[in-house]
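S.K.: Chain Z: place on chain D using the hints.
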Amino acid sequence: MLSTLLVQLLTGLSGASSLFLVSAGLTVIFGVTRVVNFSHGSLYMLGAYTGWSILSRLPREPLPFILGVLLTVAALALLGALLERLLLRRIYAAPELLQLLFTFGVVLVVQDATQAIWGPNDLPLPRGRWLRSFVEIGDARVPLYDLILIAIGPAVLAALWLLLTRTRWGTLIRAATQDREMVAALGVDQKRLFTSVFALGAGLAGLAGALSLPDGSANLQMDLSIITDAFVVVVVGGLGSVPGAFLASILIGVLQAFGIVVLPQATLVLVFVIMAAVLVVRPNGLLGRPQAIRENPASTTLIRPAEPALRWLGLAALILAAAAPLFVGPFLLSVLTEMAVAMLFAAALHFMMGPGGMASFGHAAWFGLGAYAAALAVKGLALPMTAGLLIAPLLAGTAAALFGWFVVRLSGVYLAMLTLAFAQIVWAVMFQAVDLTGGDNGILGVWPAQWATDRLVFYWLTLALCTAATLVLRTILYAPFGYALRGARDSELRAAAIGLDATRLRHAAFTIAGAAAGLAGSLAAFSKGSVFPGFIAISRSVDALLMVLLGGVQSMAGPIVGAIAYTGLFDLLLLATDQWRAVLGLSIIVLVLAFPQGIAGTAHRLWLRGKEA
Amino acid sequence: MLDVQDLHTHYGRAHILQGISLQVAPGEVLVLLGRNGAGKSTTLKSLIGLVRPTAGRIRFGTEYITGHEPHAIARAGLGYVPEERRIFTDLTVMENLEVGRLPPRPGLPAWTPERLFALFPNLGEMRTRLGGRMSGGEQQMLAIARTLMGNPRLILLDEPSEGLAPIIVEQMAHAITAMKRQGVTILLAEQNLHFATNIADRAAAIERGRIVWTGTIPALHADPALRDTLFGA
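For the protein sequence lines, the chains are D and Z, in the order given. Adding 380 to a residue's 1-based position in the first sequence gives its number in the working numbering. Adding 2 to a residue's 1-based position in the second sequence gives its number in the working numbering.
No wet-lab data here; the hints were simulated from the structure. Values in this document were obtained by computation on a predicted structure and should not be read as measured data. Hints are not guaranteed to be accurate.
[What the hints assert, rightly or not] Quick list of simulated restraints, FRET-style, between CB atoms:
id, chain 1, residue 1, chain 2, residue 2, range
1, Z, D92, D, D870, 26 to 32 Å
2, D, P534, Z, Q7, 42 to 48 Å
3, Z, E86, D, Y858, 37 to 43 Å
4, D, D881, Z, Q184, 52 to 58 Å
5, D, Y858, Z, R229, 37 to 43 Å
6, Z, M96, D, R669, 48 to 54 Å
7, D, A704, Z, E86, 21 to 27 Å
8, Z, Q20, D, R572, 46 to 52 Å
9, Z, E86, D, T545, 34 to 40 Å
Note that beta-carbon positions come from the ideal geometry of N, C-alpha and C, so glycine has one too.
The shape of chain D in the complex, shown without the other chains:
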């Protein structure tokens, strides 16, 4: 028994080591550049693939192994520096969320590029004898390689600590983490500092990737699976804190190792509970410092009711949409249904993101919960469709209210990362709870009620519900509640001074947005006739973000225009190419570079300029 525990503990610690290597890079990069680098997981994955290409050509002895790993580190450091110089450098001034989105674009491109170079199959590394050997500790047999990994974590921590505290470079890094503008005013070229930090972080990710090979393989899923864990580690440890990342890695790594033995299904939930507990007690993570209160700049464009011209345009579009089924075919009808659902989904996200100031990176959680709730209601409980459509927003709203209770206390990237982590956990639960949800096979045969089976009727129902719900969101936005919410977003202190409770306002907004997304999810479920974990995938959350950002957060019309444009373009893209990830990723990258204000935002500004002239 004792030896099983020991083995499990050591397994956990060795897992913690690679988690730390990835998180340390992520946290140092964030500290200095303030960019949450989604593509850090891609660097880890590329580290594994590059490592595989190098190591599988070398003799299977310890010395060549070390040499190959070091080569991989160097290659990745170089790649990281290139990535920073060519791409990330251009977005330092952009809003946080656009940066996150931008780096997700890089993730997509890297996924397709990796598949193109190394192929779709997992690549296991042939292991030399020494990599398969065991060490006897008491009566337990522990893999030698686990012990090596366990030693590497603290060794890297010590090296980083020396680098950060004992060198001029490290001093500059720590100073820039605190106030990079002042560092520049003292004559330090930030660009070089940023490039070097990226190189360091990428090198560490490459190290972790290469070291993961003997215990696994290079595969195309490793980028997103590690980045979620790394986000959790970085948030729990405190953004920007390397020792914090170390502590959190050990906490999460050991917890996962024991969780798998004790309660395999609950591991992910356990991780989340721990994260929640840490953040309730220490909102800035274990060793994090309070983020500077960021008062939003006064230049933020006001959200105003649409101009009369735009309203007529909207009404015309609605009439056109309602009349469309009379003259389009079944394929276009399904696209239109999808657009209506997307409109509500995007409007729900916009509601919390624009006026609420809470940028969620996991909005698919509510969408998916709504979809599963509706599916289980009609399939599991044999309730009618109407009940399913009612239960979905209720359940999603309740879940949002529970989760929102502590998440609304956070802001900015913390909030974005936590919502992402939560969505990933919901995804994993639905994926793992095979008895209830069918796992990867999903729930099939979720069809609308008898009276709505006709595609036409169901389309009109969807259009009516989505338009009504979007209008409700709009009404709330221009009600006193909406004004209070925006006040709290722009200046929490001043809002508090006139008696507004920002936390409660945000909590309410979060709940409403969750419920609205849940309704969208249930309609999507009935329209497709099935529900899969894909409803909750990161890419679905990103879809919603893209719609809102494409349209622009500054107006209520933004998410609607964005949803319609995005759904249309995406369906065209799927028809046109297999490499949709690369195309989508590149489009994100180009769009963020070209329209930092979103398409509708830019159009609105042009419209205003036209009127002034």
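M.R.: Okay, now just chain Z, sitting in the frame of chain D:
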């Protein structure tokens, strides 16, 4: 040494600096006087490049530095001490000085921590203290010392007396006078008339983003009407 011509700066649509022109001669202390919001800090920030001017020209020595990056301007020999001091609170006194260090300039004696501790004796007694654990006066001295580590030819001081106890203000005046004796040219933004006129050679009055008066300190003292328009209720 510093020649500013018709400098304009906007924050969004707000037109803050509406044509600032001023000159600072080598070795002198020029004080920029004005009320809150007159544009003193914005002038200094525009000079160091933290805010990008929308029009106008800045010549420093023989070089035009308008629109350059802050680090390039600092490397050219312009030092900046911000109003909020912006000490690196997680770094020790010695580390704060290290961040400010730039190569020595030919023809000028280089500042070293030892020379700075002679100028600010308090700092010498707390070399390993964290910036966050220092009093406001100590932080102000550290902010000046940190900028001096870059061996600036001209230093921009933004309200060094603000929020400090009178006895500390006194020490600050001594330190600035000593800096001047060592050959540093100083452009000072101030509201504390007494403090400013004690250490400055010349004054420039700024109001609503424009220089409305320039002259020597005796001339300023001789014109009570001007002082009333500048600071009177």
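S.K.: For each hint, tell me whether it holds in the structure or not.
M.R.: Hints and how they fare:
no.	hint	verdict
1	D92(Z) / D870(D): 26 to 32 Å	29 Å, holds
2	P534(D) / Q7(Z): 42 to 48 Å	59 Å, violated
3	E86(Z) / Y858(D): 37 to 43 Å	38 Å, holds
4	D881(D) / Q184(Z): 52 to 58 Å	56 Å, holds
5	Y858(D) / R229(Z): 37 to 43 Å	51 Å, violated
6	M96(Z) / R669(D): 48 to 54 Å	21 Å, violated
7	A704(D) / E86(Z): 21 to 27 Å	58 Å, violated
8	Q20(Z) / R572(D): 46 to 52 Å	36 Å, violated
9	E86(Z) / T545(D): 34 to 40 Å	26 Å, violated
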